[in-house]
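My request is simple: use the sequences and hints to build the entire structure.
Heads up: the protein sequence lines correspond to chains A and B, in order. What the first sequence shows, in this note's numbering, is residues 1 to 140, in sequence order. What the second sequence shows, in this note's numbering, is residues 1001 to 1080, in sequence order.
Do not rely on the hints blindly, as some may be mistaken.
Facing chain B, according to a computed beta carbon distance under 8 Å, are these residues of chain A, among others [stated by the list, open to error]:
| no. | residue |
| --- | --- |
| 1 | Gly34 |
| 2 | Val36 |
| 3 | Glu51 |
| 4 | Tyr53 |
| 5 | Thr59 |
| 6 | His82 |
| 7 | Gly90 |
| 8 | Lys118 |
| 9 | Val120 |
| 10 | Thr122 |
| 11 | Trp124 |
| 12 | Gly132 |
| 13 | Val136 |
| 14 | His139 |
Stretch by stretch, here's where chain A covers chain B in the computed footprint (C-beta under 8 Å, at least three residues) [to be verified]:
| no. | stretch |
| --- | --- |
| 15 | 1002-1009 |
| 16 | 1014-1024 |
| 17 | 1043-1053 |
None of these hints come from the bench; they were simulated from the model. Because the structure is a prediction, the values reported are computed rather than measured. All residues carry an ideal CB built from backbone N, CA and C; glycine is no exception.
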Amino acid sequence: MTPHLSITDQPIDIAAALAAVQTDAAGAVNSFIGTVRNQSGGRPVRRLHYESYDSMALTQLGHVVAQAYEKWPMLQEVAVVHRKGTLALGDVAVVVAVATPHRAESFAACQFIIDTLKQVVTIWKREEYEDGTEWVAAHP
Amino acid sequence: MSLKVALFGITREIVGTSVIELPAPAPATVGELLAEMRRQYPALGDLRSCAVAVNNEYAPNDQALHTVDEIALIPPVAGG
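Rendered as structure tokens:
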């Protein structure tokens, strides 16, 4: 049940992430797919740039998944793939996939992992607008 | 003792390099490092937060720093 965690500068293969968590012990596979939206706070977004501190991001991601295994001991398999580099509108930025015996825990564990990832994993997002760029969440 | 500090995202842009070397006598703790970085680069103080990582883990202010440590400033993260 080693989690499949990666940070990549290549397009994310959603089907591969889903296949990675499938197991005969699980009756539920749940996934979250984050994509690049065309606006932020009403401001049109042209593209995104993700920067990652890879070694720490993978360490922290490992902690997040370990917490999920503690909270949901029935959790079977987990895959998290995060993209870095320059992304166009509609590109997949992150995929979280989990497999559990029943569906309720699959929703909860998947949400916990993406919500906690956003708080602790060392990845930064710079939004590019028609008239400039901004590091998301950097300033109050 | 000198320290190397890795910089990412907006902290890299504020400081203007991806690694800064603080010559001896370098800050002895995480808290001293933050204070010294904010003194040299006041714009760091405008960030919503700025944490320090030591060897890939978030580090508290009283943690001691060593030359062999992998140290990084961590501005507000925004993955997902």
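Here's how the hints hold up against the structure:
1. Gly34: holds (5 Å)
2. Val36: Val36 of chain A check fails; min Cβ-Cβ to chain B is 11 Å, beyond 8 Å.
3. Glu51: holds (5 Å)
4. Tyr53: holds (5 Å)
5. Thr59: holds (4 Å)
6. His82: holds (6 Å)
7. Gly90: At 16 Å from the nearest chain B Cβ, Gly90 of chain A fails the 8 Å test, so the hint is violated.
8. Lys118: With a minimum Cβ separation of about 4 Å from chain B (threshold 8 Å), the hint on Lys118 of chain A holds.
9. Val120: holds (7 Å)
10. Thr122: holds (6 Å)
11. Trp124: holds (3 Å)
12. Gly132: Violated, because the Cβ-Cβ distance from Gly132 of chain A to chain B comes to roughly 13 Å (cut-off 8 Å).
13. Val136: Holds. Min distance 4 Å.
14. His139: holds (6 Å)
15. 1002-1009: holds (count 3)
16. 1014-1024: violated (count 0)
17. 1043-1053: Three-residue rule met by the stretch 1043-1053 of chain B, so holds; n is 4.
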